[in-house]
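Peer 1: Okay, here's what each chain looks like letter by letter:
Number of protein chains: 2
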Amino acid sequence: MTTPPPARVGDPAGAIDTPALVIDLDAFERNLDRMAAFAKETGVRIRPHAKTHKSPMIARLQMERGAVGQCCQKVGEAEVLVDGGIDDVLVSNQVVGEAKVARLAALARRARIGVCADDPLQVDAYAAAARTYGTTLHVLVEIDVGAARCGVAPGTPAVELAQRIAAADGLVFDGIQAYHGAAQHIRGYRERHAAIAKASDLVEATVDALAAAGLECRTIGGAGSGTFRFETGTGLWNELQPGSYCLMDADYGRNLKDDGSEGLEFEHALFIASTVMSAVVPGRAVVDAGLKASSVDSGLPEVWQRADTTFVSASDEHGKLSLGAGAPPAGLGDRVWLVPGHVDPTVNLYDWYVGVRGGLESGYVECLWPVAARGALT
Amino acid sequence: MTTPPPARVGDPAGAIDTPALVIDLDAFERNLDRMAAFAKETGVRIRPHAKTHKSPMIARLQMERGAVGQCCQKVGEAEVLVDGGIDDVLVSNQVVGEAKVARLAALARRARIGVCADDPLQVDAYAAAARTYGTTLHVLVEIDVGAARCGVAPGTPAVELAQRIAAADGLVFDGIQAYHGAAQHIRGYRERHAAIAKASDLVEATVDALAAAGLECRTIGGAGSGTFRFETGTGLWNELQPGSYCLMDADYGRNLKDDGSEGLEFEHALFIASTVMSAVVPGRAVVDAGLKASSVDSGLPEVWQRADTTFVSASDEHGKLSLGAGAPPAGLGDRVWLVPGHVDPTVNLYDWYVGVRGGLESGYVECLWPVAARGALT
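In order, the protein sequence lines correspond to chains A and B.
Going by full-length UniProt numbering, the first residue of the first sequence is number 1, and it counts up by one from there.
Going by full-length UniProt numbering, the first residue of the second sequence is number 1, and it counts up by one from there.
Mixed in with the good hints, there may be bad ones.
Unchecked claim - Selected chain A positions facing chain B (in silico; Cβ < 7 Å):
| hint | residue |
| --- | --- |
| 1 | 19 |
| 2 | 121 |
| 3 | 128 |
| 4 | 286 |
What the hints assert, rightly or not - Which chain A residues stay away from chain B? Per the calculated CB distances, all over 12 Å, these:
| hint | residue |
| --- | --- |
| 5 | 30 |
| 6 | 73 |
| 7 | 74 |
| 8 | 88 |
| 9 | 93 |
| 10 | 103 |
| 11 | 111 |
| 12 | 147 |
| 13 | 153 |
| 14 | 172 |
| 15 | 189 |
| 16 | 211 |
| 17 | 219 |
| 18 | 306 |
| 19 | 345 |
Said to hold, decoys possible - What follows is a set of in silico ranges between Cβ atoms, one per label pair, in the way DEER data are often shown:
| hint | chain 1 | residue 1 | chain 2 | residue 2 | range |
| --- | --- | --- | --- | --- | --- |
| 20 | A | 367 | B | 234 | 52 to 60 Å |
| 21 | B | 136 | A | 110 | 50 to 58 Å |
| 22 | A | 121 | B | 234 | 28 to 36 Å |
By construction, these hints were calculated from the structure, which means they are not laboratory data.
Glycine is no exception: its CB is placed at the ideal position from the N, C-alpha and C atoms.
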């Protein structure tokens, strides 16, 4: 049920069939290099999040540049990563259900596998499965540092759970997971920083309480593409989990920088190639990319480098563009490049990355990478 | 890159791994029967929309009950339907781009293929490809009846385009496509009816103008699950294109009926099976179904038959539930059934339908149907 790729290696970028998920490889590699340089400079470990890219090929490029492993959210993603040659994977999430926990423990035969817990029942299930498969699972206690989603309360509850992990055969207590998801898209720089400063107090108190109980944190994990400099600045977090930085999206582009301006520390490297499929009324054009081509949970896609042209609404298979007075013509068959609103669920809609070298307009297709963990929900 | 199915035939429904896309087969078949009875009663033709279900198996069940063919929006969907045994497919959309038009014309070797046009350039491209492949394409002129998306203006522009089609070797002028997408989810019954009444005037004027030019409409197509009774009531439309009726979603559930009450003419037959993966804080539970398990473009999923329990936010792989005072417990590992906000883009996230007979709670898995046209974007 895999769809055929929308291009062939060697095709000019203009010949890519649409809609297609296109990586500007030059921008993408600059993003990878930038994060690798940051890690080298600060000494922090990078464990990029594969829930964003879902690709063992991208994972390998990150690890060649010094990443210590990969994160993901689902056992199915971990399986795809390990099958693709990644030997150190953290499921930065709770895994619940007998079948899933069994798969996780079995996978630990072939790679170093980490997982999170926020409940003693999870710990017991992990331990039982690890014993069954004769493997070891490296478990992080997830603490809630402000997202009000998963995670035990910092301090004593975290210590109690860590003790249970440390006492269990088949499990290793690896440290704490302290990811503040809700902070990644706080627009204001100061407000975003303040959210992490608050989280930092909670992490510090928890690390101290663990130390007092004789439990050392090998890993203090968390941080995303919107906040990783802040976590690093505290000197507490030692393993960052950014996902979006390598590809970016329109929503991250709306975060404000230190000086109050909008903009990205990383470059947009992910695009949807679309085609004008209807252009009947002046001032309006309809492209062939709608809700099934670009997830709109974090806003509509943005039109890339076309003056006065706005993506105004999406239906299942249509995107409506409004063309202002200063817009270049958008005639039937014309190519329109879009920046998706939210990278992770958009990537999950495609079977193939089309990698373009030399720019979107005049470049050529250098590679076709399967989105190998697309749809890996369980 | 197809993911393994989340269940086996014969499993109890409670054993389905999560998240999973589950059909309540009893409700689903009642929906199919209800629409078939309507068609029989009124004499209107039904051509259900496969952009909703993306499944040749569901298409066959619809055709066994009298549907005349299938609609879809993409050439890739049409290919999957024809490969799956459907011999009459309308791409109810413009097809633009040489590669796509070639595939469409080639497909017409194996099935009756229809397509829409709103531009002379499309007509010329269809005709050239049909001649190349020695096939015939049945072309509908799309007119804009109020959605302000694709389609020529009703009346003279439609006649001019129809004449161009009728004059082209390889093409047959089949009639008009008059689908009012924007009307499907107008909440008020009267307002929804009024939108179709307006559309009806435009259709009538266009049909008359075509007749005056000697062009007969074999097909006057359009109508969706929210309005099909209104189009039928006009006596103009003779081929309905409802998609969602067979599965339904939460958004259709918010349409108002004749008496002002909320509710569906069809039954919810599509569900997401999810599992509570974190339950640390009283009043809150987190399920394993987020943005990659249920499209939120038309609102969050709704919790099915759990009192005082609300789905309050979705992140990529998490769904947060709020449990009120009257809510039943939602403990770690518990099953929660969700009704997706919008059926079409949600179905497109999955590789498999899990068909359950005998109810979600106590039934068993009767079938696993591939979502064969999932990701068919081109």
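Peer 1: Confirm or reject each hint.
Peer 2: Results for each hint:
Given the 7 Å rule on beta carbons, the hint for residue 19(A) holds: about 5 Å separates it from the nearest Cβ of chain B. For residue 121(A), the interface hint holds, since its Cβ comes within 7 Å of a Cβ in chain B; the closest pair sits about 5 Å apart. Contact between residue 128(A) and chain B, as hinted, is not supported at the beta carbon level, the nearest pair being about 14 Å apart and thus beyond 7 Å. Of the supplied interface hints, the one on residue 286(A) holds, with its beta-carbon coming within about 6 Å of a beta-carbon of chain B, less than 7 Å.
With a closest Cβ-Cβ approach of about 25 Å to chain B, residue 30(A) is found to remain outside the 12 Å limit, as its non-interface label requires. The claim that residue 73(A) is not at the interface with chain B is violated, since a C-beta of that chain comes within 12 Å of its own (minimum 4 Å). Separation of residue 74(A) from chain B is inadequate, the least Cβ-Cβ distance of about 7 Å not exceeding the 12 Å criterion. The beta carbon of residue 88(A) sits about 20 Å from the closest Cβ of chain B, which is more than 12 Å, so the claim that it is off the interface holds.
Its beta-carbon lying about 7 Å from the closest one in chain B, residue 93(A) breaks the requirement of being farther than 12 Å from that chain. Remark: the non-interface label on residue 103(A) conflicts with the geometry, its nearest Cβ contact in chain B lying 10 Å away (cut-off 12 Å). Every beta carbon of chain B lies more than 12 Å from that of residue 111(A), the smallest distance being close to 19 Å; the non-interface claim holds. Distance to chain B contradicts residue 147(A) as a non-interface residue, since its nearest Cβ pair spans about 9 Å, not more than 12 Å.
Some Cβ of chain B comes within 12 Å of the Cβ of residue 153(A); the nearest lies about 8 Å off, and the non-interface call is violated. No beta-carbon of chain B comes within 12 Å of the beta-carbon of residue 172(A); the shortest separation is about 21 Å. For residue 189(A), the non-interface assignment is confirmed: its Cβ lies about 22 Å from the closest Cβ of chain B, beyond the 12 Å cut-off. Once the 12 Å rule is applied to beta carbons, residue 211(A) is consistent with being away from chain B; the minimum gap is 23 Å.
Even its closest Cβ contact with chain B, about 20 Å, leaves residue 219(A) beyond 12 Å, as expected for a residue assigned away from the interface. Residue-level check passed: residue 306(A) sits 18 Å from the nearest beta carbon of chain B, beyond 12 Å. Not every CB of chain B lies more than 12 Å from the CB of residue 345(A), the least distance being 5 Å, so the non-interface label is violated. One distance hint, 52 to 60 Å for the beta-carbon pair residue 367(A) and residue 234(B), holds here, with the actual separation near 53 Å.
Separation of residue 136(B) from residue 110(A) is about 55 Å and conforms to the stated range, judged on CB atoms against 50 to 58 Å. Range check, residue 121(A) to residue 234(B): about 59 Å between beta-carbon atoms, so the 28 to 36 Å window is missed.
The structure does not agree with the numbered hints 3, 6, 7, 9, 10, 12, 13, 19 and 22 stated previously, though it agrees with the rest.
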